[in-house]
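Novice: Using the sequences provided together with the hints, build the complete structure.
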Amino acid sequence: MGDGKPNTPQQQANPQQTNQAGWQQPYAGYYNYGAIPGQSYPQFPYQVPHGQMTYYPYAYGYATPMQGQWMGQGTWNGNGYQMPPVTSTAGNASVPPPLPSLPPPLPPPPPPPAVTASYEPPPPGSIKFTIPSKGNKLQKPKQENKSPGSAGTIQVPQYPTNPQVAASGQQDNRSKSPERVLAQSKISSKSPERVLAQSKISRMVDDWPPNLRHYIERCYTKCQSCVDQDLVELILKGKISSAQRDGIVFTKDWDNEPLPNLSRVEINVPTSGVASGMKAGTSGFSVTPTKAGVTVGGSPAGGASGFRMIPNSGQNVSPFKATPSGVEISAVKSVTSVAPSLKNGKPTNLSNSSYKTGASILGISALKASAGNKQNQISFQLKGQRKALYGAALRKSSSSSSSSSSSRSRSRSPIRSPASRRRSSSRSTSRSRSRSPSHSRSSPFSRSSPTPFKKLTKSQQKKLKRKNQKKLVGATGKVGAVLGSGNRTVLGANWSSPDKLRKRQARFHVPKNIRLSTLADSSLYREDVTGEEDWSNLLIVGTCCEVEKPFFRLTAAPDPSTVRPVHILKKALYKVKTSWIANPDYRSCCDQMKSIRQDLTVQGIRDSFTVEVYETHARLALEAADHEEFNQCQTQLKALHHELGGKNLQEFIAYRILYYIFTKSTMDLNTTMASLTPTEKSDECVAHALEVRSSWALANFRRFFRLYNHAPRMSSHLISWFADRERKLALKTLIKAYRPNIPVELVTTQLGFPTLDAWYDFSKELPIVYSDDSKAQIDCKASTVNLTAW
Amino acid sequence: MATMNLNQYLREIQSSWESRSGTEVSEFLSFNHPHVMSTKLTAEGFEKSVERLVESPLDELVILHLRCLNCVNQQKYLEAYSEQSALVQAFTKLFQTQKEDNWALFIMYVISLDLRMFAIKADKELAKKGADKPGQTLEKAAECLMGLFRVCAADNRSSDEDTKRWGMLYLVNQLFKIYFRINKLHLCKALIRAIDASQFKDHFSLSQQVTYRYYVGRKAIFESDFKSAEKFLTYAFERCHRECRNNKRLILIYLIPVKMLLGHLPTPHLLRKYDLLQFSEVVQAVREGNLRRLNNALLQHDAFFIRCGVYLILEKLKVTTYRNLFKKVTLLMKTHQIPIEAYLEALKFMGVEDIDLDETQCIIANLIFENKIKGYISNSHNKLVISKQNPFPPLAAIMKVCRGKEISVSSFNLFTLGCVDRPNPAASQASGNFAGEAVARQTSTCFSLKNNEVDRKELINRIKNEFLTKLATI
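If you're matching them up, the sequences are chains A and B in order.
The numbering of the first sequence is the numbering used here, which starts it at 1 and goes up by one.
The numbering of the second sequence is the numbering used here, which starts it at 1 and goes up by one.
For the record, the hints were derived by calculation from the structure and aren't laboratory data.
In this text, all values refer to a predicted model and were calculated from it rather than measured experimentally.
Positions of the beta carbon are idealized from the N, C-alpha and C atoms, including for glycine.
Any given hint might turn out to be false.
As the list claims (entries may be wrong) - Derived list of chain B stretches under chain A, where covered just means 3 residues or more per stretch with a C-beta under 8 Å from a C-beta of chain A:
{"hint": "1", "region": "296-309"}
{"hint": "2", "region": "360-369"}
{"hint": "3", "region": "375-387"}
Specialist: Have a look at this one:
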């Protein structure tokens with residue numbers, strides 16, 4: 001293009017002159033105001049005498065308790081905006097600290113059941129009940145008969161697919177038979193333990209510092225029983241995870257770390273202490289690892305009771321009542337007189353053996369395995385109990401060798417009852433203390449457990465509950481109901497498939513955004529999402545205080561902490577404007593403008609400021625000949641002006657008409673013209689644009705270029721986009737119409753070239769034949785030959 | 001029919017469904033049928049009766065139709081639209097399962113027509129409520145119809161008699177109507193391609209073909225392809241049923257400007273007959289080469305012209321008017337080398353105020369470029385040198401009609417178009433008007449002067465009186 005530029009050379013050389021010549025009086029050069037010191041421009045609201053605070057961020061009706069102080073600070077330096085304290089604004093005050101961005105990572109699909117079946121470390125609470133070691137030996141051969149594979153095959157279908165069915169089918173029964181529920185739940189909380197063991201081992205081997213290993217060893221040496229060992233394990237887990245979270249695993253003084261307190265007394269005083277522990281743990285901060293560990297480890301059941309939503313279920317769940325319930329189970333079992341092979345805890349032994357083998361394979365300590373068998377025992381008690389409840393048919397079917405597998409599968413069922421939640425809660429307590437999204441912890445957990453519920457922090461559960469109160473339908477509601485009623489636990493069932501998990505994950509964003517949206521003018525902003533969720537309800541209020549922010553096309557729901565509120569955006573706009581004047585670097589300015597626009601959009605702000613932003617960007621794009629951005633802006637402005645009006649409405653109608661000429665969209669031109677009112681037609685810019693259109697349609701290039709050189713405001717920028725296109729056509733016309741020669745001088749006037757150089761620049765690519773050496777005359781006849789090749 | 005009760009209605013529709021009579025069923029599902037007047041059809045709990053008396057899958061359609069009827073009776077067009085759209089979607093599914101069968105095409109016709117009608121009304125309702133997006137319901141309706149179109153277009157296994165592809169053109173026409181209304185002409189392209197590729201292209205029913213040609217012609221106008229626009233619109237005008245005066249008028253609104261641009265002016269009789277007198281002033285102005293009159297005529301009716309979307313074409317008639325004006329001036333000057341100032345004075349006389357020699361040269365250059373004047377401009381003498389033979393060739397014979405677009409025109413073909421095959425007397429009469437006009441012009445080398453002796457004399461006198469002295473001095 002080069003010399004094809006719209007402006008005359010004088011205009012290019014002197015922008016002020018351009019303004020005087022082209023732009024009319026009220027429009028004194030939008031971006032040039034800074035270059036002309038002392039001149040005031042009323043349309044720019046922030047303009048204040050130089051040297052004073054040029055911009056006051058709260059000038060737009062934001063309640064600012066800090067105002068006086070802020071103004072008095074006198075530290076304003078003009079280009080770096082001193083950040084006002086965010087919390088002082090009314091808007092920010094109501095915004096809570098950002099929530100954890102995501103729920104814990106998805107658990108992978110359930111592991112192959114054959115493996116899972118073999119190692120089931122017990123929850124510590126169950127250890128107390130019974131240890132029928134005698135049965136172990138008796139049942140061992142039987143277990144060996146059963147290949148793990150066969151057990152697996154039976155369990156496979158049940159594990160991932162059945163839980164929901166089972167859950168719904170058993171809900172009624174469960175409320176009637178708390179004992180069974182208790183047993184079930186105990187069973188299903190086994191897996192974390194195993195993970196713990198695994199993870200711990202792997203950790204120890206891998207990257208724990210030596211003093212930590214020493215510490216762990218010291219802890220374990222303190223243990224007197226396997227119960228203690230379990231406790232220690234829990235405590236250590238809490239400590240290490242919290243240390244990991246804080247990143248002090250390697251720096252912490254493990255040598256001076258107090259050893260866990262394993263006194264029985266503490267275990268026996270569960271609820272109150274643990275409840276507080278729970279609280280501290282779930283709030284996520286500032287709990288000393290020691291205390292956390294002790295509380296959690298010492299009274300896992302208490303942790304559960306603190307966690308439980310419904311008090312009455314505590315009856316069944318409290319560990320000290322669990323003992324009688326365990327007794328009761330065995331009693332039931334004996335009463336119902338199951339198949340003889342299952343009596344006297346034989347199934348337990350069976351599973352115990354399996355544990356042992358599994359443990360040896362994986363290198364889990366024998367102690368833990370033995371602890372595990374206690375858990376398993378309960379699972380078999382459950383089986384017996386269930387048989388009692390379900391009657392003879394089931395009893396028959398499970399009395400044979402298949403019994404162990406069937407019971408096992410049942411025990412694996414992700415249905416979880418309060419007791420199980422108690423376990424998981426004791427775990428989640430420790431974890432919530434750790435509160436770590438750290439992979440080292442959470443991923444092994446998820447590997448073993450199909451119940452991501454366990455990974456919920458308390459706050460998340462609260463959220464769930466709140467959602468439930470909001471009567472959100474769907475699976476969330478189900479979970480919420482489960483939590484609410486306390487007895488029903490459909491937990492893991494819903495989350496077993498990655499799809500569902502993703503849905504669930506998405507749901508966690510929804511309430512957050514709804515809660516944060518205080519701007520309720522969603523009716524103004526409706527995005528065209530056909531049939532999808534209505535994102536217009538997801539308006540947020542930003543809390544980001546960075547004035548500058550690079551544009552990044554959103555790929556997820558916007559995060560309020562990265563979105564700037566209006567008063568910051570106003571500063572940002574001002575900054576872009578000043579920087580454009582100082583240094584017209586379009587790329588950076590466009591980037592900034594886009595991010596401002598994005599922030600406005602996600603916050604659903606559509607007011608005069610939005611109009612200003614889009615107008616500014618449209619003008620920047622005009623100057624920089626950025627067609628795409630200009631089109632985006634003018635499309636938005638069309639809607640914005642339609643809604644809100646604005647003093648520059650007509651100016652942008654004119655630009656739109658010119659833009660349609662540029663794109664040659666006759667249809668749009670027609671509709672635009674049809675919508676013009678007489679007042680709009682009489683506007684200077686619009687009238688000019690209409691004249692340009694008319695001369696363009698009639699190919700009256702002389703008039704066209706005359707209008708081009710007298711374009712109001714920024715119209716000449718737009719016309720310059722298609723001026724050369726028209727010049728080419730006009731030149732063809734001239735060459736065909738004139739004989740024998742046409743003087744270059746005539747061409748330059750006809751085609752609106754400001755200088756001869758501009759003409760030569762334009763024509764150097766064209767196959768024009770000159771009739772003289774000085775290139776003052778074009779030989780038309782000779783040039784015509786080449787016309788068609790243009 | 002208007003007092004039909006529900007049981008009667010249901011029995012009849014069921015029996016016609018069983019007899020696979022597409023027309024009968026379509027009548028019972030149409031809103032252009034007296035049964036919609038009956039108040040008994042939408043009595044409380046009609047769903048149960050429908051389920052009892054009508055078998056699946058028809059029952060769903062009937063229920064939706066009656067629900068829609070209920071909404072229409074209450075003037076709730078938004079709800080009516082959603083019911084009708086559910087009906088169309090249900091029908092689409094059902095229609096797809098009817099392999100090797102197209103008797104239900106008639107049902108498709110009526111329900112898609114009603115869908116569009118309700119969408120228009122729903123949009124009006126939304127506009128009253130202050131919705132910011134005009135035509136959003138219509139857009140959804142278009143999507144709905146596209147679903148049907150896909151079913152029809154994909155049915156290429158059935159035999160020629162039973163294929164659903166016979167329904168394509170009807171749907172295309174409905175979609176055209178929507179796209180033109182919501183200004184989304186670019187979406188038409190794929191539809192046109194589909195019809196062009198269809199083996200039944202020329203075997204669809206005449207009414208549908210006329211409608212199709214009308215819209216394709218209009219689209220061609222917007223793409224400045226006036227030659228094919230004329231072809232399509234002429235076809236539509238000639239084949240359009242004589243009773244459909246309004247349709248013929250609509251076609252003429254686009255055909256007249258295109259014809260004028262190509263050099264065929266309509267007779268006053270034609271304009272009177274179809275109540276298109278808005279054009280008559282324009283026609284007169286172009287004929288006279290009277291720029292002032294043309295500007296006034298355009299200004300006077302610009303609302304009408306812009307609304308119809310022909311303003312931009314009519315504006316191009318200015319070029320034709322320049323030509324006629326310059327021709328008069330040339331005849332007056334009685335020489336082959338006419339000073340540019342003569343034209344400048346003529347233009348100024350016609351009320352073009354802010355014009356200079358350069359611009360006059362520009363206008364003349366354009367006319368030469370478009371072959372409307374045979375000759376050249378000599379810049380050194382500042383004169384237009386015209387060909388001694390036929391310097392102003394008849395417009396209809398000019399190869400280049402619009403700038404940069406090569407169109408091979410045999411003017412005789414144009415005039416005889418429609419005379420060969422005249423199914424419609426009214427149409428042929430109308431086209432006869434065009435033809436007569438053009439033939440008359442053919443015989444005269446002087447296109448407009450002979451027809452307007454009075455005007456010419458007046459103009460000559462004026463020019464003589466006012467400019468002769470000036471011209472003589474040059």
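Novice: Which numbered conditions among the earlier hints are violated in the structure presented, ordered from lowest to highest?
Specialist: Every hint satisfied by this model.
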